[in-house]
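Sequences and hints are given; from them, build the entire structure.
In order, the protein sequence lines correspond to chains A and B. To convert, note that position 423 of the first sequence is 423 in the working numbering; the numbers rise steadily by one, no gaps. Counting from 1 along the second sequence, just add 1000 to a position and that's the residue number in the working numbering.
Please keep in mind that the hints were generated in silico from the structure rather than gathered at the bench. Take these hints with a grain of salt, some might be off.
[Stated by the list, open to error] Computed footprint of chain B on chain A; a stretch qualifies when at least three of its residues, placed anywhere within it, have a C-beta under 8 Å from a C-beta of chain B:
#, stretch
1, 396-407
2, 548-562
[Stated by the list, open to error] Here are some, though not all, of the chain B residues that point toward chain A, as calculated from beta-carbon distances under 10 Å:
#, residue
3, P1177
4, G1179
5, P1391
6, I1395
7, V1412
8, K1545
Here a beta-carbon is modelled for each residue, glycine too, at the ideal position from N, C-alpha and C.
Number of protein chains: 2
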Amino acid sequence: MPKKMLRVNMTKLEAKFEDFPADFAALGGRALTSTIVAKEVDPLCHPLGPSNKLIFAPGIVTGTAAPTSGRISVGAKSPLTGGIKEANAGTPFSQKLARMRIAAIVVEGKHIGKDYYTLKVTKDKAEFINANKWVGKGLYNVYKELFKEYGNKVGICGVGIAAELMGAASGICFNDPEGLPSRYAGRGGLGAVMASKGLKFIIIDETGAPGVEIANEEVFREGIAKLRNALTTHDVTKPGGALNSYGTSVLVNIINEAGGLPQRNFSAGQDDRSEKVSGEVKAEEIKKRGGVRPHFCSPGCIIQCSEVWTKAGGKDPVGVLEYESVWALGPNCGIYNLDDVGELNRACNDLGLDTIETGDLLAVAMEGGLIEFGNGKGALKLMEEIQKKTPTGRILANGTGFTGQAFGVTRVPVVKNQGLPAYDPRAIKGIGVTYATTPMGADHTAGYAIATEIMGVGGTADPRDTKKSDLSRNLQIATAAVDATGYCLFIAFAVLDIPEGLQGVVETLNGVLGANLTVNDVPGYGMQIIKTERDFNKAAGFTEKNDRLPEFFLKEKLPPFNEVFNVPDEELDKVWGS
Amino acid sequence: MPKKMLRVNMTKLEAKFEDFPADFAALGGRALTSTIVAKEVDPLCHPLGPSNKLIFAPGIVTGTAAPTSGRISVGAKSPLTGGIKEANAGTPFSQKLARMRIAAIVVEGKHIGKDYYTLKVTKDKAEFINANKWVGKGLYNVYKELFKEYGNKVGICGVGIAAELMGAASGICFNDPEGLPSRYAGRGGLGAVMASKGLKFIIIDETGAPGVEIANEEVFREGIAKLRNALTTHDVTKPGGALNSYGTSVLVNIINEAGGLPQRNFSAGQDDRSEKVSGEVKAEEIKKRGGVRPHFCSPGCIIQCSEVWTKAGGKDPVGVLEYESVWALGPNCGIYNLDDVGELNRACNDLGLDTIETGDLLAVAMEGGLIEFGNGKGALKLMEEIQKKTPTGRILANGTGFTGQAFGVTRVPVVKNQGLPAYDPRAIKGIGVTYATTPMGADHTAGYAIATEIMGVGGTADPRDTKKSDLSRNLQIATAAVDATGYCLFIAFAVLDIPEGLQGVVETLNGVLGANLTVNDVPGYGMQIIKTERDFNKAAGFTEKNDRLPEFFLKEKLPPFNEVFNVPDEELDKVWGS
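Listed below in structure tokens is the structure:
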């Protein structure tokens, strides 16, 4: 049984399995979503109209025994940036999809009328079920109910209230192994694209799935062994290592020390109180409360950086509090209280919001005078406006740039209208080069220069050095390739430093695909993805002027080190040679 | 006493007279505002930050005896489009400025803190007066009070509540000869630029002004005679002619008949009820009520297309109800009642809003379900949200595109994010080419193809013919030149058909400037302005992809003639050869 694609027409409420095109054979994850978007979506279409398409694709090795490979990519034209978007998440949902040999789900058209639907996909069938009863409800309860209705073994993906508002800050939510609505393809407003089509949930029931076809078992197994060895020996990724012990939040103290942890809407880069929301404090607290740590986002992960944060006494599990979420909802809002941060993260998950965009927009709302910085309870109350679908809620649900314009705030940290993640580009220049030049809008994962500039992975680089075009480009290309495989980007920490690990990754791809790729093929593969994405953006009207940080980063000095973003435009343009 | 420029630094609260640069000698109006913006404003700056500048410039012959020449141009980087903007208005304010030999006021920087200021300009002095007492108040009463405070002979320009919200739909308001706040440089959110700097009003007291210097009185007088002759003989512009008798609203029936009068947010192009808000009905009604018609926007106008609309019994004068305003606030909202339209126009003037943008955003709000189409009282109530500065008000004050995004509406009639005027481009293609390709965003005045396509002025053209790049280009170039002179664009109706009239226009310019321009110099002069503007927009990140109409115009057929906008992209790109 070969791989197939599921094409879902929401205008006609039809879902049909199609042959997976032969020329897509080597594509998965981001390579596949971006290729289909570029091929089938008019770059000038309205992102919430019938011409946009929403693509779901597990990675090439997802669903196999390859460790740490449970990622799913989601692609479309973004209502936030107006350009192409790929957002990905780690979730059992992706593994189930892959094991059913569904290489992609392509959702197109737009349901006419106000009804919402659930798409239920089984081995032989895809059916639509009216989902109106879930409209306006929080996803924690809804996911619990959906698992009751469809059984504990399904995978769920869906959108929440923020997406019902067509909010450009809305993400697409996947269940974690506990069934919590906590694993998000968060960025770029893809939730609104899904909701605009009248699609509320996708339920994957893999009963009877054949599993992923492995073309060459021997090569595949050898590759796994090498990768496993790398992951279990590198300090960042190994069991008991930094990520495993403290999760991504291990970075709070490190980035604060570097003066690059944005405080109070990017008005400072350091605050002693940040330590109160650090990974170290959080891990301790989770242990005390009876939460879970470490934990995996999808079965088969070696790194296990995830966790289940709960209220005191292990109650009301939220899921993981990632570094970027803690920062966005914490220090960036002047909030230094893990309980507040946890509840804000719960609200994001419940409403179907990207945590980074939400933290950014809350901080902008604070600067606009809606509530004062540091007011965690007030921030939660503000998020109720989204739940109630009030005009304020509609403003907030549309993201950082939108909120800034509505409330007359000019310090608005966005690139291509997407809110900046947890690293101030004035203190750490390379990540700023990535923010500026990735086709995705401000996105740390697109070319994580922090690895080299701060963590010393893949070499070292002075954070203040402005010559970062090579670093950012190389990382962006490598990342695009990783995002196609289904592997978590965090394997890069290990394989950037351990060549045998990278060799293993390529062997697992060859094992699945029956291909003969070498390590040397990786850059070309990644570059092709980025070229596809940049071509789409160019056709959508983007130029090198979109590859710039907002004016205030160039003019306002960031305490305590009083740096501005001084990477010359020429250096930014050297990334892609435009 | 040579011409000078007044440079106003709002950061330092300093205003200084400067020499008018010799290389600007032949520049006025739009030529001057666009040149200064292009020279002094970073195209990537935040439009509401300290780096943007706001330029006021009367035209070359403004303030002289040249008829119909009381226009003022206002320029800046637009918070609505993100590109360069020139908006102009006819007002005695401009004539006073010109007679004081102030070629331009350049407002730069940004006041720190929440205070607002009035800038009072007299012959020798410019001073700042705290204006906080006017904040939050409607402009009808405020202008009345300002005239009491500063005397009846001053000219006033200012911004209202919409601009205090930093709304991208806010305009800059100039007084008419009756002192009413009804003459707007409306488009592109320039009101917000003014308010962002902390500047609320400019008061011009021309006591002791030397008057405009005329280099060659004889040539000047000859030119005036020729122009006057053209204006008084052409059917469109002559006393008792179409504009004089019915105002611009004479177009309501004509454009409705052509199937190009957009109804209910551009969902149809014709409705029999439109006749109820026609210029003919309005003129009759004004007579009955004891309003004023005809009327001029500034002294010395021959055409006199203006009017003073009032409530029954001549009470509560509003000022002019222009065709585009009547359409925007009327048929486009499904409203066919002149009293409702009049009160909505009053609300726009009172709040400091562009009427076209407001009509567009109200229709989008109706489509988004806030109120039903046709509900005039409901629309007025909605506008109170702006007055009260509620979150809904903040959404609306930011324009059509913003309102569409907030309320999840995808039929959003904007180009470069500026709302479309009163001619559906599916029924009348040439004006669509102008909407798409002018550097200004959707703007009928930028290249008024209607003149030729509907009115048979300057030749004739089939409205359905898609070959309109030449027509639009030629009109855009001629318009840019006219916008520099200070003449009202409406003189073009006469001088396009009467060559001697155009000759007269050039002679008046030569008379004032002591130049030797010929009619053949006009296209080059206009083209230079457009090149300056397009270069700015390019540096702000615009490409030919910004020169497109929204998707729905290409796909949704417009009843009753069921046309789509089928001008090929190549034809659009032929306008500027990009």
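Hints versus structure:
1. 396-407: Three-residue rule met by the stretch 396-407 of chain A, so holds; n is 5.
2. 548-562: holds (count 4)
3. P1177: 34 Å, violated
4. G1179: Status violated, d = 30 Å.
5. P1391: Holds. Min distance 4 Å.
6. I1395: 6 Å, holds
7. V1412: 8 Å, holds
8. K1545: 3 Å, holds
In summary, the numbered hints that this structure violates are 3, 4.
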